[in-house]
Structure formats: structure tokens, C-alpha cells
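Visitor: Below are the chains, spelled out letter by letter.
Number of protein chains: 2
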Amino acid sequence: MDTTPDQRPQILLHDPTLRDGHHAVSHQLDADQLRVYATAANAAGVPVVEVGHGNGLGASSLQIGRARLDDATMLTTVREALTSSRMGVFMAPGWGTSDDLAAAVHHGADVVRIAAHCTEADVTERHLGVTRDLGAEAQGVLLMSHMASPGKLAEQCALMAEFGAQAVGIMDSAGRYLPTEVTERVRAIAAAVDVPVIFHGHNNLGLAVANSLAAVDAGASVLDATARGFGAGAGNTQMEVLVAVLERRDVATGISLRKILAAADVATERLMKAPPSIDSIAVASGLAGVFSGFKRPVLQSARAEGVDPIDLFLALGERQVVAGQEDLIGDVARQLKAAAR
Amino acid sequence: MDTTPDQRPQILLHDPTLRDGHHAVSHQLDADQLRVYATAANAAGVPVVEVGHGNGLGASSLQIGRARLDDATMLTTVREALTSSRMGVFMAPGWGTSDDLAAAVHHGADVVRIAAHCTEADVTERHLGVTRDLGAEAQGVLLMSHMASPGKLAEQCALMAEFGAQAVGIMDSAGRYLPTEVTERVRAIAAAVDVPVIFHGHNNLGLAVANSLAAVDAGASVLDATARGFGAGAGNTQMEVLVAVLERRDVATGISLRKILAAADVATERLMKAPPSIDSIAVASGLAGVFSGFKRPVLQSARAEGVDPIDLFLALGERQVVAGQEDLIGDVARQLKAAAR
Numbered sequence: 001m002d003t004t005p006d007q008r009p010q011i012l013l014h015d016p017t018l019r020d021g022h023h024a025v026s027h028q029l030d031a032d033q034l035r036v037y038a039t040a041a042n043a044a045g046v047p048v049v050e051v052g053h054g055n056g057l058g059a060s061s062l063q064i065g066r067a068r069l070d071d072a073t074m075l076t077t078v079r080e081a082l083t084s085s086r087m088g089v090f091m092a093p094g095w096g097t098s099d100d101l102a103a104a105v106h107h108g109a110d111v112v113r114i115a116a117h118c119t120e121a122d123v124t125e126r127h128l129g130v131t132r133d134l135g136a137e138a139q140g141v142l143l144m145s146h147m148a149s150p151g152k153l154a155e156q157c158a159l160m161a162e163f164g165a166q167a168v169g170i171m172d173s174a175g176r177y178l179p180t181e182v183t184e185r186v187r188a189i190a191a192a193v194d195v196p197v198i199f200h201g202h203n204n205l206g207l208a209v210a211n212s213l214a215a216v217d218a219g220a221s222v223l224d225a226t227a228r229g230f231g232a233g234a235g236n237t238q239m240e241v242l243v244a245v246l247e248r249r250d251v252a253t254g255i256s257l258r259k260i261l262a263a264a265d266v267a268t269e270r271l272m273k274a275p276p277s278i279d280s281i282a283v284a285s286g287l288a289g290v291f292s293g294f295k296r297p298v299l300q301s302a303r304a305e306g307v308d309p310i311d312l313f314l315a316l317g318e319r320q321v322v323a324g325q326e327d328l329i330g331d332v333a334r335q336l337k338a339a340a341r
Numbered sequence: 001m002d003t004t005p006d007q008r009p010q011i012l013l014h015d016p017t018l019r020d021g022h023h024a025v026s027h028q029l030d031a032d033q034l035r036v037y038a039t040a041a042n043a044a045g046v047p048v049v050e051v052g053h054g055n056g057l058g059a060s061s062l063q064i065g066r067a068r069l070d071d072a073t074m075l076t077t078v079r080e081a082l083t084s085s086r087m088g089v090f091m092a093p094g095w096g097t098s099d100d101l102a103a104a105v106h107h108g109a110d111v112v113r114i115a116a117h118c119t120e121a122d123v124t125e126r127h128l129g130v131t132r133d134l135g136a137e138a139q140g141v142l143l144m145s146h147m148a149s150p151g152k153l154a155e156q157c158a159l160m161a162e163f164g165a166q167a168v169g170i171m172d173s174a175g176r177y178l179p180t181e182v183t184e185r186v187r188a189i190a191a192a193v194d195v196p197v198i199f200h201g202h203n204n205l206g207l208a209v210a211n212s213l214a215a216v217d218a219g220a221s222v223l224d225a226t227a228r229g230f231g232a233g234a235g236n237t238q239m240e241v242l243v244a245v246l247e248r249r250d251v252a253t254g255i256s257l258r259k260i261l262a263a264a265d266v267a268t269e270r271l272m273k274a275p276p277s278i279d280s281i282a283v284a285s286g287l288a289g290v291f292s293g294f295k296r297p298v299l300q301s302a303r304a305e306g307v308d309p310i311d312l313f314l315a316l317g318e319r320q321v322v323a324g325q326e327d328l329i330g331d332v333a334r335q336l337k338a339a340a341r
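Heads up: the sequence lines are chains F and X, in that order.
Taking the UniProt record's numbering, the leading residue of the first sequence gets 1, the next gets one more, and so forth.
Taking the UniProt record's numbering, the leading residue of the second sequence gets 1, the next gets one more, and so forth.
For reference, chain F alone in the conformation it holds in the complex:
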């Protein structure tokens, strides 16, 4: 066996297939599905396997959507399947609480992501501190990050690092970035913090893999990706494709290409109805910079008011609507209908 340490640049891949992918199936994965995928990802050498309701700890509810399993069952199931991968969880303050965090770490979570809207890093302070006190690795991520400037994101990431985050970074929640935009943002963040920088892509404009490469070149060292891109709408950065591309770039991930291809096959057969693809709604949503979780209410409002859903997405993008403002969707649809008369 070759025990020479790998001298190539190292990137840590973080796998939210069983969390962000949950959005694609209304949070209805069962224990067998969690177990079979976690087992395959663990066998492939995936460093962190994240699990939970799509919106994270404590989010299962009538309003957001009930998960099939409670947090404790999801965590316990995945924990049992992991022998070398660490287990990750995601939490957005407001949906999750300190009690949820304590329970997650009790059930074996090693890595805790605390998420905030891109300009609201201050809300992460308490839970990053709680995570550190619990002895888990604390990370801070900014959602809908295309809505803030590189300087603002750098400032917000530095704040999270001050709060104790051991890695910080940005999510392209709307799938809107071009590679050059990722470059300038990740570069600004990397210059502002001393901890690893995270990039989480979505594929609405077909650029998730390229944006991940741009992030690496700009200084990111943690990339999120999911098996076969499993995720809402156009899906996430496709894990096994990213592993292949990083091999071509001579970047080390510690992941077996052959085994991650097998894990992707497991995910395709067992988790999803069909692999994600970039439909017209996904393109409009990415171009508008609207949170992909808006798809269902947008389609409903468009149908109810008899307006084109693509027009509605673009109008919501112009109004810079963010998660939590779902009530506005119906209002904007009615305005479009009135304007069309």
C-alpha cells in the first residue's frame, strides 16, 4: 500500500445529498433510503455526509413541509451507517433552536452549519457559540449570496469567524452566479478570514461545476456537492462530476471516483424520481435570482391568476424577494394580471 502523503492541493467535499436533496422529494426520504446512500457515500470516502429536513434542524412543520422522519431518527440512522465519514447538519436560526443543536450533537453530528441570509450574519452568533460549546465543528454559511457585494460578504464571513465559525462561506441559493462573480466573492472572503472558505453551488444556469472550480482557484477549500446533483429544481453541483473534474485538475479529494460513481447510481435508483435537469422554470429562476424553493408557490400563483410563471419569476427577481416573503408572490401575480389587462 502506498503510504506517501498526497502532495496535491486538497479540497474537502461536503455532501448535503440527504439534506438539500430532500427538497426534491418534499422531505420524504425514509430510513432505508438514508441508510443505503449514507453507506455508499461512506464507502466512497466522502468526508462529510449531511442529513436532515431540506430546511435543516427543527424545520419540519406544516408551513414549510413535514419530513417523513423526525430529526432524531434521521441522524441516528445515518450515524449508524458512517464508519469513517463525519456527519453534518444544517440549521437556520428561527427554524432551529439551541435544543435542536444539542440533540443533533447528542445523536452524533460532527459538523454543524449555521445559515443566515447573506446580510444577516449577526443572527448566527449564538448558535455558532452553542455549537462550539457542544464540541462540534461550527461552520457559518450565507444564503442567497448573489444579493450582496464581495465586500459585504467578506465582512459578514469575518463576523461569523469572530463568532467562532471554523469555516465560512457562501451559497448560490438561486443558482445565479457566473464564474467571474464567484471568483471575486470567494477571493474577497478568503482575504478577510483565516478559516477555510466554503462554496455551495446550484445548477440553474448550468455553471455549478465551473463555479466550484472558480471557487477553488479563488481560495475556497470546502465545496458542497450532491449525488447526481440531487436537489430542488436544477439541482446542486453534481458530486461525482466534480470529483472527476478535480481529478483532471490534479486536486485531491480523498474520494474514490469509482465508488462515488457507484454512490451516484445508488442515489439515482433509490432516492430520486428522475435526475435533476435544467427546465425553463429553473433557467428563469436562476436568471431572476429567486430562491428555488419558491417554485411551487410561484407555479400555484401563476395558475391561480392566469399569468405566465416565467414572467412571475422575473418580476419577483426585480423586486429582490427573499425567503420568508412568500406572501408577496400572490400580490406580484395579481399586479402582473392587472398590468396585462
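Quick caveat, the hints were computed from the structure, so don't treat them as lab data.
Mixed in with the good hints there might be a few duds.
[As the list claims (entries may be wrong)] Here are the computed lysine-lysine pairs in the DSSO-like style, where the Cα-Cα straight-line distance is at most 30 Å:
{"hint": "1", "chain 1": "X", "residue 1": "K259", "chain 2": "F", "residue 2": "K337"}
{"hint": "2", "chain 1": "X", "residue 1": "K295", "chain 2": "F", "residue 2": "K273"}
{"hint": "3", "chain 1": "X", "residue 1": "K273", "chain 2": "F", "residue 2": "K295"}
{"hint": "4", "chain 1": "F", "residue 1": "K273", "chain 2": "X", "residue 2": "K152"}
{"hint": "5", "chain 1": "X", "residue 1": "K295", "chain 2": "F", "residue 2": "K259"}
{"hint": "6", "chain 1": "F", "residue 1": "K259", "chain 2": "X", "residue 2": "K337"}
{"hint": "7", "chain 1": "F", "residue 1": "K273", "chain 2": "X", "residue 2": "K259"}
{"hint": "8", "chain 1": "X", "residue 1": "K152", "chain 2": "X", "residue 2": "K295"}
{"hint": "9", "chain 1": "F", "residue 1": "K295", "chain 2": "X", "residue 2": "K259"}
[Stated by the list, open to error] Take a look, some chain X residues computed to stay more than 12 Å from chain F by CB distance:
{"hint": "10", "residue": "Q10"}
{"hint": "11", "residue": "S61"}
{"hint": "12", "residue": "G65"}
{"hint": "13", "residue": "R86"}
{"hint": "14", "residue": "D110"}
{"hint": "15", "residue": "G151"}
{"hint": "16", "residue": "A161"}
{"hint": "17", "residue": "G164"}
{"hint": "18", "residue": "A192"}
{"hint": "19", "residue": "A208"}
{"hint": "20", "residue": "R248"}
{"hint": "21", "residue": "A252"}
{"hint": "22", "residue": "G254"}
{"hint": "23", "residue": "S277"}
{"hint": "24", "residue": "A284"}
{"hint": "25", "residue": "Q325"}
Cβ coordinates follow ideal geometry from the N, Cα and C atoms, glycine included.
Guided by the hints, dock chain X onto chain F, whose structure is given.
Guide: Frame of chain F, contents of chain X only:
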């Protein structure tokens, strides 16, 4: 109506949905399918709509696969649907002949692509000349272009320009390129010729859109893309996504985004069984740099010999097997089987 000339950089999009996409359905599109998509692409302002058997003029045969319709019927059907788009055809010398070219131009082909393996531009001379004599626009493209160096590709493209090609360029037939590799190749070609440079991407490594952007930045001005990426395996560059991304880049294509999204919806509903996605075979094929048309014989030989198709793809890549060498697939499969004993 705004008649101010568009001052932004201009890119011409060339749409081989009804030719390269044909590979995804064993060349079985019928006249209604050709008509409905050509009508939608024409309405969206697509400059060139290419049509034909996946392997081009004259290729319909028992060995390669019979198309449902003959060349004349395909061309006549699409010609009738186009009021403003030009009609394109593709021909690889050996499969097609000068008679096929003459018939295609007689049936209304405006743009003729003559294709050769990346190091064999000399075979295009006669047919580029015939095309010019027939009064159509002649273009020359190099297949499997990742197998040649930037300098070699520039030399081969310059040769095709000397033969009369009015645009020249490269196809990423295996879907293997990283953006930096496209940059250096297109830059070398653009420096060597005075005609527009063409780039044709495939999405095996999830980089078709990013590679197309890299091509533009390096000097390409003709990009190929298909509706919803319709094409063999992982598919081609996705047209409507590329249009959206070029809009974000402030590059003009003359195509209506709303109407090209509608055309992509037509293609999804009427032409394909399912939108292309990047499965494990496609990743292995791209990484190996093997022509995607090899998928079916590779799967057959792998099954026949009881070897892993991904191993077989990677072994074929190491041997630099090219189209026309299909006989080698079974040999390599038997070698893998023997080596595994």
C-alpha cells in the same frame, strides 16, 4: 420599434438539435417532430437550424443506424418550417459524398459543415470546395479535438480556411474539456485564421456552458447548442441556458429568451424520452475522452464479457480509440476479462 443597431458583442448560435440530438433517439425523429421544433426555433430567432441523421448526410445505413426519414425528406420538411433561420447540414467525408452535398443544397441547405477527425483536415478539401461551388456557406469542424494540441488544431483549422471554409472550429466530441483547455485551443485557432471560430461542446463533465463562455472569451464567435441539451449521453451545450448566460454577460445573440425557453419546452415534450443527464457512464466516457457514440457497443461488449463498462471506457481512453475503431471495443473487453482472471 427600436431600430438602434445592437452595439454589444455578437455571437452566432448554431442549433444542431435535429442533427446531433438525433443520436439520442437512434435517428428516429419523424416529420412532425422536425416540423414542430424547427418552427419553434425559427420563431425564437435561432440563426441556423441544422438537420439530418446524427452522423450527417449519407450516413443512414445498416451499420451506423438507419434514420426514419431520408435526407431529402428531412431537409424539405425543415426548409418549409423556416422563414428566417438558415438551414444547416453536417457531412463527414466517407459517410457523405458530393452528390449528397449537391442534393442538400438543392433542398435548401444554406450552411454546410464538413467534419474531419482532428488531425485529418486534408480530407475536407474537396467537399469544402464543392460546397463553395454550390453557393452555400462552407464551414470546417474538427472532431475529438481534445486529442490534438492547440498548435495542431490551429494548423488544421488554417488548412480548412485555405480550402475555402468560411468558419472553422472544434468539437469536444467526448465532452472532456476543462475551460482552460478550450481557452488555449480557441485562442490558438483564432490567431491562425481570419474566419469566425466555432466551438461545439458536450456536457459529460458538466462544463459545456462554461466551456462555451471560455470559447467566447478566447475569440470564438459561433457556438453550437441544442434545445434542453438534446444529444447522446450527457448531451450538448444547453441552448436556452447558454442564451440566458450570454444575456447575463451582455453578449447579443439575436435570440428571444422567452421564445427559446418555449422551443426547449417543445423539444422536451415532443423530441426526447427524458432530458439528458450526466450518468456514471457519461462521466467515465468524458474522463476517458472516448467518443460518446461508443456507449452502446461498450455496454454490449462489457455485458458479453462480464467486465465493468466503466473499466472498459477508461481502458479505451488509454488506448486513444477513435470513431471507426469500434471493432477494438470487443478486443479490449476480452483483454480486461483475461487480465481479471
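Visitor: State for each hint whether it applies.
Guide: Hints, one by one, checked against the model:
Restraint check for X/K259 and F/K337: satisfied, since their Cα atoms lie roughly 20 Å apart, inside the 30 Å limit. Simply put, X/K295 and F/K273 have alpha-carbon atoms about 24 Å apart, close enough for the 30 Å limit, and the pair holds. Under the criterion of a C-alpha separation no larger than 30 Å, the hint pairing X/K273 with F/K295 is consistent with the structure, at around 24 Å. A hinted pair counts as satisfied when its Cα atoms are at most 30 Å apart, and F/K273 with X/K152 does not qualify at roughly 45 Å.
Proposed proximity of X/K295 and F/K259 is supported: the alpha carbons are some 20 Å apart, at most 30 Å. The straight-line distance between the Cα atoms of F/K259 and X/K337 is roughly 20 Å, inside the 30 Å bound, and the hint therefore holds. Our distance criterion of 30 Å between C-alpha atoms is met by F/K273 and X/K259, whose separation comes to about 28 Å. Between X/K152 and X/K295, the direct Cα distance comes to roughly 28 Å. Compliance with the 30 Å bound is thereby established for this hinted pair.
For the given pair, F/K295 sits about 20 Å from X/K259 by alpha-carbon distance, which is consistent with the 30 Å threshold. With a minimum CB-CB distance of about 19 Å to chain F, X/Q10 clears the 12 Å threshold, and the non-interface call stands. With 12 Å as the threshold on Cβ separation, the claim that X/S61 sits away from chain F holds: the shortest Cβ distance comes to roughly 32 Å. With a least CB separation of 25 Å from chain F, X/G65 remains clear of the 12 Å interface cut-off, as annotated.
Every CB of chain F lies more than 12 Å from the CB of X/R86, the least distance being 25 Å, so the non-interface label holds. For X/D110, the shortest C-beta to C-beta distance to chain F comes to about 28 Å, beyond the 12 Å cut-off, and the non-interface label holds. With a closest Cβ-Cβ approach of about 21 Å to chain F, X/G151 is found to remain outside the 12 Å limit, as its non-interface label requires. For X/A161, the condition that its CB be more than 12 Å from all CB atoms of chain F holds, with the nearest at approximately 30 Å.
Chain F leaves X/G164 outside its interface by the beta-carbon criterion, the shortest separation being 35 Å against a cut-off of 12 Å. Residue-level check passed: X/A192 sits 26 Å from the nearest beta carbon of chain F, beyond 12 Å. With a least CB separation of 7 Å from chain F, X/A208 falls inside the 12 Å interface cut-off, contrary to its annotation. Taking the minimum C-beta to C-beta distance to chain F, about 6 Å, the non-interface status of X/R248 is violated against the 12 Å cut.
Non-interface call for X/A252 relative to chain F: holds, since the shortest CB-CB distance, roughly 16 Å, exceeds 12 Å. Chain F leaves X/G254 outside its interface by the beta-carbon criterion, the shortest separation being 18 Å against a cut-off of 12 Å. Remark: the non-interface label on X/S277 conflicts with the geometry, its nearest Cβ contact in chain F lying 4 Å away (cut-off 12 Å). The beta carbon of X/A284 is not kept farther than 12 Å from every beta carbon of chain F, the shortest such distance being approximately 7 Å.
No beta-carbon of chain F comes within 12 Å of the beta-carbon of X/Q325; the shortest separation is about 24 Å.
Violated hints, listed in ascending order, are 4, 19, 20, 23 and 24; each of the other numbered hints is respected by the structure.
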